[in-house]
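Engineer: What follows is the residue order along each chain.
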Amino acid sequence: MKVICARKDLYEGVQTAGRAVSPRTSLPILGHLLITAEEDKIRIAATDLEIGMECIVDAKVEEPGNMTVPARTVTEILAALPDTDVALSVDDTNTVSLKCGTSDYSILGLPADEFPMLPEVREEVSVVVEHDAIREAIKRTAFAISQDESRAILTGILTQVIDGGLKLVSTDGHRLCLQECAVVESHGAVNAIVPGRALNELSRIVPEGQGTVEVKIAPSQIMFRVGETILISRLIEGQFPNYDKVIPKEHTKKLTVPTEQLLQSVKRAEIVARENSHRTIVSVQDGTLTVTAESGNVGRAHEEVEVIKEGEDIRMAFNARYLMDVLNVIDTEAIEVELSGEVSPAVIRPQGQEEYTYVLMPMQVE
Amino acid sequence: MKKDRTILLVDMNSFFASIEQQCDPRLKGKPVAVGGPAGSRAVVSTASYEARQFGVHSAMPVMEALTRCPELVLVHGDLRKYVDISRRVFRICGDYTDLLEIYSVDECFMDVTHTQTLFGGSWNIALDIKRRIFSELGLTCSIGIGPNKVLAKLAAGMRKPDGLVEIRPEEVRDLLENLPVEKLHGIGDKVAARLRNMGISTAGALGRTPRDRLKRHFGVYGEVLHAMGNGDCDTPVVPYYDQQDIKSVGHSHTLAQNTRDWGMLSHHLLRLSEMVGRRLREQGFAGRTVSLTVRYADMHTFSRRQSLNEHIDDGYAIYQVALSILREQVGNKHAIRLVGVCVSNLAKGFRQLGLFSDVKDRTLLNTLDAINNRYGEFTIRRASLLETKPRGKAPSCFAGARTQQASLD
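If you read the sequences in order, they're chains A and E.
The numbering of the first sequence is my numbering, which starts it at 1 and goes up by one.
The numbering of the second sequence is my numbering, which starts it at 367 and goes up by one.
Keep in mind that the hints were calculated from the coordinates and are not lab data.
Be careful, since some hints might not be right.
[What the hints assert, rightly or not] Which stretches of chain A does chain E cover? Using the computed rule of at least three CB atoms under 8 Å from a CB of chain E, they are: (1) 147-156; (2) 167-177; (3) 357-363.
C-beta: ideal position from N, C-alpha, C; glycine also.
Work the whole structure out from these sequences, hints included.
Structural biologist: See below:
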């Protein structure tokens, strides 16, 4: 194999694909990138066996073929090279030659046929979504996935395709996010649990602005195509908890709260609350919402925010971090909060946006 | 608080064994040991002074004790009796100061700095306590008097049984000069071994070692070691009403036989976890870190821990974490002798409610607790723990001094 390629394009390619390389791996080949040359382009692929990435870079192919290179070494070299053409070739001992101007590197590769094949995702269900819609949906749900590996199901986001729509649901057992997403077109219906990491990587490769992402879901894999880049992930097996059951359908009190003001108040109170399991007391009396926190070692915090209230006064305890998390991803001026009792879940929505729901369990008030 | 304190340490002599001898006069003058039955793997918890002459000591396997002293009288312990006597001892001590810190079932520190003049000085207080404990309970104790806790403890250990030793500030330097470091209270075998490696074997040498050098080796603890080497210690005597909140709750168990059997190990983990969960709930705590302690047949002991995202107090949840640590981080390559489960990183009254955990689970736990509080631990239990016998309501001597302190009220 022998190719010539612009340094900048090649560098971008290895960086993108390299995100699927696992930093700690017991299999040396998984620390490598597979580079395949065909016609007038090269494909760069990487996988850690959970997710796989493949991207295409324009190149002048003098001799088709394939090679593997250690991802980290090549990325570092390319980052430091000047912006001219890079020539890549490989000999039959798998030694890769990388030449650029007066720089000449011989890098030890591995046999390309050792590289695991990325699975072919046999399409059963497909959806096409706009860039902005999927980016926003991931931003509004990914923060609430569980970090607890012992509850594997909750480390993923439920991706539900139904009736020409797409829903993303995440929960860590304390709070739950549900985002309904408009689709350009869809075919079939499925419930798939996508690892949080795959969706976070997806939101990195989806550019801002116009364009669509094509999603294909098979029984055990999901594939996203963004322009010339493909992201494949395995799905998490198992049954996602019945989320609909925990979304309250009724409420006895409703607040309308300015988003930014509440966020800033909770952020400040958290400085005190973090010493005390992040516990803040939120109480509403007439038109004033008060956020207080207390810690034996630090002191007290008291914040007030003007709100519109329907229903009786209430006093509840919440984890300040969980409040900040949701306030950070809502960009409407106000939020609507629906409450029932001091140990019942709170429902938070951006004002006028029914498509997003955040359900938050309070802390016990003792 | 630092200057001119007078601290007493009252240490009961071979407490459990002496009580048994006092209760049953036939045992007087005979080698007596309190511990599990012969033929088991139990250890001696206390040996009378007569038995100690044969080399029998606490924590020695019962079988070995019987080999050393064939005429040894083994008595099965009665915790209720010991706790009751222990309370009586502490009540006597409490007549001389309000600053009384119960250190274990048979030891307490007393700060008499401000009350000694009322009773004619610390020496007279000590004599009075010894006289009353002997005349009211028939037991002897050793009392150490010193300007701080470390020296009081050292003094009490200098003459046993029935001793009374005072260390005066002006004697400290000479006394510590050639004192082996491990004689200082708070320096265990491991620290002593590390100090020896550094060429420090006496308290005097420890005191002369530059503070920075000790800090490099032991971190913050280096500061404490340096002070101890100089006979300084500013730790206050903390009476029960000033006690800090507990930091962790744990239980451990020495298995009847060393084992690699998952079934056996998980059974004990579940039982211990349930006990830890009960104690957490009893005190209103929930913890975020679960530690598993394992001791192999060769006595090599270590712990592994796992922190969670949420606070838990349910025995079964604790068990699941402990079991996963055992499976993933410890394994069963070697036969295990002891397992322990401990929950730390505690918080009180801040339970984050769960979306999916049913209110029913909580109600169930509360109901089980109420039943077990009334009829004794494990009266109602998981079917997998059917072989575990209910424990009745006997107090535990090992439940920690804190629980006993509270019971003094």
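Engineer: Does each hint fit the structure? Answer for all of them.
Structural biologist: Hints versus structure:
For the region 147-156 of chain A, the assignment as covered by chain E holds, since 3 residues bring a beta-carbon within under 8 Å of that chain's beta-carbons and 3 suffice. Residues of the region 167-177 of chain A with a Cβ under 8 Å from some Cβ of chain E number 6, which satisfies the need for three, so the listed coverage holds. Coverage of the region 357-363 of chain A by chain E holds. Counting CB-CB distances below 8 Å, 4 residues qualify, and the rule asks for three or more.
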